[in-house]
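Q: One letter stands for each residue in the lines below.
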Amino acid sequence: MNSGIDLQGSFIESLKDLGLPGDVAKAIWLPLPLLLMIIGATVGVLVVVWLERKISAAAQQRIGPEYAGPLGVLQPVADGLKLVFKEDIIPAKADSILFTLGPAIVVIPVFLSYLIVPFGQNLVITDLNVGIFLWIALSSIAPIGLLMSGYASNNKYALLGGLRAAAQSISYEIPLALSVLAIVMMSNSLSTIDIVNQQSGYGILGWNIWRQPAGFLIFWIAALAECERLPFDLPEAEEELVAGYQTEYSGMKFGLFYVGSYVNLVLSALIFAILYLGGWEFPLPLDKLAGWIGVSENTPWLQVITASLGIMMTILKAYFLVFIAILLRWTLPRVRIDQLLDLGWKFLLPVSLANLLITAALKLAFPVAFGG
Amino acid sequence: MNLAESVQIVSFGILSVMMIATALGVVLLSNIVYSAFLLGGVFLSISGLYILLNADFVAAAQILIYVGAINVLILFAIMLVNKKEDFSTLPNRWLRQGSTAVVCIGLFALLGTMALITPWQLSTTSPAVVENTIVVLGEHFFSDFLLPFELASVLLLMAMVGAIVLARRDFIPDTLPTEEATSTSLTLPERPRELTTK
Numbered sequence: 003m004n005s006g007i008d009l010q011g012s013f014i015e016s017l018k019d020l021g022l023p024g025d026v027a028k029a030i031w032l033p034l035p036l037l038l039m040i041i042g043a044t045v046g047v048l049v050v051v052w053l054e055r056k057i058s059a060a061a062q063q064r065i066g067p068e069y070a071g072p073l074g075v076l077q078p079v080a081d082g083l084k085l086v087f088k089e090d091i092i093p094a095k096a097d098s099i100l101f102t103l104g105p106a107i108v109v110i111p112v113f114l115s116y117l118i119v120p121f122g123q124n125l126v127i128t129d130l131n132v133g134i135f136l137w138i139a140l141s142s143i144a145p146i147g148l149l150m151s152g153y154a155s156n157n158k159y160a161l162l163g164g165l166r167a168a169a170q171s172i173s174y175e176i177p178l179a180l181s182v183l184a185i186v187m188m189s190n191s192l193s194t195i196d197i198v199n200q201q202s203g204y205g206i207l208g209w210n211i212w213r214q215p216a217g218f219l220i221f222w223i224a225a226l227a228e229c230e231r232l233p234f235d236l237p238e239a240e241e242e243l244v245a246g247y248q249t250e251y252s253g254m255k256f257g258l259f260y261v262g263s264y265v266n267l268v269l270s271a272l273i274f275a276i277l278y279l280g281g282w283e284f285p286l287p288l289d290k291l292a293g294w295i296g297v298s299e300n301t302p303w304l305q306v307i308t309a310s311l312g313i314m315m316t317i318l319k320a321y322f323l324v325f326i327a328i329l330l331r332w333t334l335p336r337v338r339i340d341q342l343l344d345l346g347w348k349f350l351l352p353v354s355l356a357n358l359l360i361t362a363a364l365k366l367a368f369p370v371a372f373g374g
Numbered sequence: 004m005n006l007a008e009s010v011q012i013v014s015f016g017i018l019s020v021m022m023i024a025t026a027l028g029v030v031l032l033s034n035i036v037y038s039a040f041l042l043g044g045v046f047l048s049i050s051g052l053y054i055l056l057n058a059d060f061v062a063a064a065q066i067l068i069y070v071g072a073i074n075v076l077i078l079f080a081i082m083l084v085n086k087k088e089d090f091s092t093l094p095n096r097w098l099r100q101g102s103t104a105v106v107c108i109g110l111f112a113l114l115g116t117m118a119l120i121t122p123w124q125l126s127t128t129s130p131a132v133v134e135n136t137i138v139v140l141g142e143h144f145f146s147d148f149l150l151p152f153e154l155a156s157v158l159l160l161m162a163m164v165g166a167i168v169l170a171r172r173d174f175i176p177d178t179l180p181t182e183e184a185t186s187t188s189l190t191l192p193e194r195p196r197e198l199t200t201k
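Protein chains in written order, with my numbering: chain A, 3 to 374; chain B, 4 to 201.
What the hints contain is simulated information worked out from the structure, not anything from laboratory work. Misleading hints may appear alongside valid ones.
Said to hold, decoys possible - Sample of chain A residues with no beta-carbon within 12 Å of chain B, all distances over it, derived: (1) 71; (2) 77; (3) 144; (4) 290.
To be verified - Partial selection, computed: residues in chain A whose CB lies under 8 Å from chain B: (5) 21; (6) 31; (7) 94; (8) 125; (9) 129; (10) 131; (11) 132; (12) 143; (13) 158; (14) 161; (15) 165.
Every value quoted in this text rests on a predicted model; they were computed, and no experiment measured them. For glycine and all other residues, C-beta sits at the position ideal for the given N, C-alpha and C.
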C-alpha cells in the first residue's frame with residue numbers, strides 16, 4: 003500500500019530545516035488541523051444550508067434564494083449574520099447556566115467527531131485505533147445537551163422535545179452501533195483508514211455496500227434518526243411542539259443548534275461514505291490503472307492527483323447522500339412517536355442483530371470475500 | 004521535560020481538579036438535576052484520565068456507557084418524575100448518617116490500602132507498550148477473564164429479560180373487586196398479557 007502524501011511529516015521536516023527545534027515545529031503544526039477542521043465543517047454547513055434551500059425549492063416548484071449572490075449562494079451567510087446580530091434572550095424563569103451550556107454540549111462532540119474522518123491515506127487528523135467507536139461514543143453525549151436545554155428552558159414544549167430527542171437518540175444508537183459493528187468485523191479494525199483500505203482494490207465492486215445490503219439501510223435510517231431529519235424530526239415537530247427544545251432559543255444559541263444539526267448531517271453522510279461507499283476510493287481502481295499504463299505509484303504528480311481525487315470523491319459521495327436526505331425530507335411524512343420507537347426497537351434492532359450474525363457466518367464461510 | 008510530558012501533566016491536573024469538583028457538586032448540591040448533570044462531568048473527566056493512561060478503548064467505552072447511556076437514563080428518570088418533595092428530618096437521622104459515614108470510610112480505607120500495596124511499576128505489558136489495545140482486551144476477555152465476562156453477560160441477559168417482561172404489561176383498568184383487596188402498594192395496576200387475553 004503506498005503511503006501517499008504525509009502533510010504532517012513534511013511540514014515538521016521543513017520547519018526543522020529552517021532551524022526550529024522539533025517540539026516547536028510540532029507545536030506550530032498542532033493547531034493547524036484543528037482550525038482546518040472547524041473551517042471545513044463550517045463551510046460544509048454553509049453549502050448544505052444553501053443546497054437544502056435550493057433543493058427544497060425545486061421539490062416544491064419554487065425558485066428559492068436568488069438575490070444574495072449568484073444563485074443565492076450567499077443566502078446562508080446572510081442567515082448566519084442575522085443570527086449573530088440578533089438579541090440573545092434568556093427567558094425570565096429559565097435556568098441561565100444550563101440554558102447557555104446546553105447548545106455548547108450539543109455542538110462540541112459533533113465537531114470533535116471530525117477528528118476521525120479521513121480524506122486520504124494520510125489526510126486525517128488522527129488515525130485512532132478506536133476510530134469509528136469514538137464517533138459512536140461522542141454522538142451519545144448530544145442527548146445530554148438536548149435534555150439540558152429542554153429542562154432549562156422552563157417550557158413544557160421544550161421539555162417534551164428534549165425528552166423525545168433523548169429517547170430517540172438512545173433507541174437508534176443501538177441499531178447504528180450494530181450495523182457499524184458488522185463492518186468492523188469484516189475490516190478487523192475500528193480505524194477508519196483500515197475500513198477504507200479493506201474496500202480498496204476492486205473499484206466500485208469492492209465497496210461495502212454490496213456486502214452489507216441490509217446493514218447500509220439500517221445505518222442510513224438510524225443515522226437520519228440520530229440527525230433528527232425528517233421523517234424522524236419528532237423532537238422539533240412544528241405542529242405538535244412549536245419547535246421542541248429550541249422553542250425558547252434565539253440568536254446565536256439557536257444558531258448553535260442549527261449549525262450542530264447540519265454539521266451532524268454532513269458528518270453522518272461522510273461516515274456513511276467511509277463505511278459503505280469506499281471513502282476516498284475512485285469507482286475505478288486507480289493504482290491498478292496506473293500500473294497498467296506503467297506509472298509508478300510513488301510518482302509525485304500521481305500522488306497529488308490521487309490525493310485531490312480522494313478528497314473530491316469523499317466530498318462528492320457525502321453530498322450525494324445529503325441530497326438524498328433532503329429529497330427524503332420532502333417525500334416522506336413524519337412518523338408518530340410510537341411508530342418511531344416501534345421501528346427502532348421491534349424492527350431495526352432484531353434486523354441489525356440478524357445482519358451481524360449473518361455477517362459473522364459469511365466471514366467464517368467465505369473469508370476471501372468478507373475479510374477473513 | 005519535552006512538550007508531550009508537560010501537556011500530560013497539565014491535563015492531568017485539570018482533569019483531577021474537574022473530577023473532584025464535579026464529584027463534590029454531585030454530593031453537595033440540593034438540586035437533583037444539577038447533581039445528575041455534574042455526574043456526567045465526573046464520567047467525562049474519568050474518561051480523560053483513561054486517555055492519559057493510553058487506554059483509548061476504555062475511555063471511549065466509558066463515554067458511551069456511562070455518559071451516553073447511564074447518565075441519560077438517570078436524567079430521563081428525574082425529568083419524567085419531576086416531583087417536588089420537601090424532606091422532613093427523620094427522628095434518628097444521626098444513626099443513618101453515622102452508618103453511612105462508617106461504610107464510606109471503610110470503603111475509602113479498603114481502596115486506599117489497595118492502592119498502596121499494589122505494585123504499580125510498569126511491566127512489559129503496560130498499556131504504554133501495547134500497540135492495539137482492542138486486540139489485547141479481546142485476548143484477555145477470552146482467556147483469563149472468561150468467567151467474569153460470561154457472568155456479566157448472563158447478568159445483563161437477565162436484566163434484559165426482566166425489562167421486557169415489565170415492558171410487555173398492558174394497562175387493565177377494570178379489574179375484579181376481589182383483586183382490589185389483595186393489592187398492596189407493591190403490586191402494579193397492570194397484569195401480564197397472558198392472564199388477560201383468554
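Q: Decide, hint by hint, whether the structure agrees.
A: Results of checking the hints against the structure:
| no. | hint | in the structure |
| --- | --- | --- |
| 1 | 71 | holds, 40 Å |
| 2 | 77 | holds, 35 Å |
| 3 | 144 | violated, 9 Å |
| 4 | 290 | holds, 29 Å |
| 5 | 21 | violated, 18 Å |
| 6 | 31 | violated, 11 Å |
| 7 | 94 | violated, 19 Å |
| 8 | 125 | violated, 21 Å |
| 9 | 129 | violated, 12 Å |
| 10 | 131 | holds, 6 Å |
| 11 | 132 | holds, 5 Å |
| 12 | 143 | holds, 6 Å |
| 13 | 158 | violated, 11 Å |
| 14 | 161 | holds, 7 Å |
| 15 | 165 | holds, 6 Å |
Checked against the numbered hints listed earlier, the structure breaks hints 3, 5, 6, 7, 8, 9 and 13; every other hint is satisfied.
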